[in-house]
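The residues making up each chain are set out below.
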Amino acid sequence: GAVVSQHPSWVICKSGTSVKIECRSLDFQATTMFWYRQFPKQSLMLMATSNEGSKATYEQGVEKDKFLINHASLTLSTLTVTSAHPEDSSFYICSARSGSVFRSTQYFGPGTRLTVL
Amino acid sequence: DAKTTQPNSMESNEEEPVHLPCNHSTISGTDYIHWYRQLPSQGPEYVIHGLTSNVNNRMASLAIAEDRKSSTLILHRATLRDAAVYYCILRDEKNTGTASKLTFGTGTRLQVTL
Numbered sequence: 214g215a216v217v218s219q220h221p222s223w224v225i226c227k228s229g230t231s232v233k234i235e236c237r238s239l240d241f242q243a244t245t246m247f248w249y250r251q252f253p254k255q256s257l258m259l260m261a262t263s264n265e266g267s268k269a270t271y272e273q274g275v276e277k278d279k280f281l282i283n284h285a286s287l288t289l290s291t292l293t294v295t296s297a298h299p300e301d302s303s304f305y306i307c308s309a310r311s312g313s314v315f316r317s318t319q320y321f322g323p324g325t326r327l328t329v330l
Numbered sequence: 075d076a077k078t079t080q081p082n083s084m085e086s087n088e089e090e091p092v093h094l095p096c097n098h099s100t101i102s103g104t105d106y107i108h109w110y111r112q113l114p115s116q117g118p119e120y121v122i123h124g125l126t127s128n129v130n131n132r133m134a135s136l137a138i139a140e141d142r143k144s145s146t147l148i149l150h151r152a153t154l155r156d157a158a159v160y161y162c163i164l165r166d167e168k169n170t171g172t173a174s175k176l177t178f179g180t181g182t183r184l185q186v187t188l
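Going down the list, the sequences are from chains A and B. Position one of the first sequence corresponds to residue 214 (the working numbering), numbered consecutively onward. Position one of the second sequence corresponds to residue 75 (the working numbering), numbered consecutively onward.
This is chain A alone, in the form it adopts within the complex (with noise of 0.2 Å):
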C-alpha cells in the first residue's frame, strides 16, 4: 500500500510553546488529508480535513486557530499546535487519500506522540 510519513515521531515540548508535526505521502500525490487525535485508550478523533491549496475544514468543537493546518502541495501537510497546553498532549495522526475523492482508500502515518509538560 501507499507509504504516508509524520515528523517528528515524538515530541516533548514545554506549556506555551508551539509544535510543527509534518505528514508526507511519500508515493502518492494526496488530493485530501486528514488529521486525528487520539488520547490513551480511546478511539481516533478526526480534528480537520483538509484540501490541497484550500482552507481546511474543522470539526465541531476544534479550535482552529489553535491547530493550525496547512496543505501546501500535494505530498505535505503540516499541523501546528499553538500555544500548547499539558491537555493536548495525545497522539497525533494524520491520513492521506490520493487519486479521486470517492471510492480512493486512505492511508494513515505512523502518528506523532506529543507532550506538553
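Mixed in with the good hints there might be a few duds.
[As the list claims (entries may be wrong)] Incomplete in silico selection of chain B near chain A, CB under 7 Å:
hint : residue
1    : GLN116
2    : GLY117
3    : PRO118
4    : TYR120
5    : VAL121
6    : PHE178
7    : THR180
[As the list claims (entries may be wrong)] If we take Cβ atoms under 7 Å as the criterion, some of the chain A residues that face chain B in the derived model are:
hint : residue
8    : SER256
9    : LEU257
10   : ILE306
11   : THR318
12   : GLN319
13   : PHE321
14   : GLY322
15   : PRO323
16   : GLY324
Everything labelled a hint here was simulated from the structure, so no lab data went into it. Since the model is a prediction, treat every value here as computed from it, not as a measurement. Where is the CB? At the ideal position from N, CA and C, for every residue including glycine.
For this one, chain A is given, so just place chain B on it according to the hints.
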C-alpha cells in the same frame, strides 16, 4: 454518519481462523464498508473494503450480508502479529462534492494466543 457495532474484544488461538463481526443496520446504499486495524502506538492500517460483494485480498476476506446490515472480517490464520484493534467503518461515497471521511468507533480488540 451510519454507525457500526462491534464486540469490544475477541480472543483467538494462533493459526486458527478469526471471524470479526460488525453490525451496521442503518447502512445506506452509498456506504462502503471499510476495515482498518491499529497495532499499539501505531497509525491505523488499511485491511479491506467492499460494497456488496465479498472481497478477498492477501490480508483478509470480507463477507458482506445480502441485506448489507452486517459484515464479517475473516483472518484465515491468525498470528501473533494480528493482535490489534480492528475497526469497521462505513464511508459515504455519494457524490456530494465534499470529501467523505472515516469516523472511527471503538473497534474490537483482538487477542491472539499461542
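Now the hints, each set against the structure:
1. GLN116: holds (6 Å)
2. GLY117: holds (4 Å)
3. PRO118: Since the shortest Cβ distance to chain A is 5 Å, the answer is holds.
4. TYR120: holds (6 Å)
5. VAL121: Status violated, d = 10 Å.
6. PHE178: Constraint on B:PHE178 satisfied, holds at 4 Å.
7. THR180: holds (5 Å)
8. SER256: holds (5 Å)
9. LEU257: The hint holds - A:LEU257 has a Cβ within 7 Å of chain B, the shortest such distance being about 4 Å.
10. ILE306: holds (5 Å)
11. THR318: holds (6 Å)
12. GLN319: holds (6 Å)
13. PHE321: Hint holds; A:PHE321 Cβ to chain B Cβ min 4 Å, cut 7 Å.
14. GLY322: holds (5 Å)
15. PRO323: holds (5 Å)
16. GLY324: Holds, about 5 Å.
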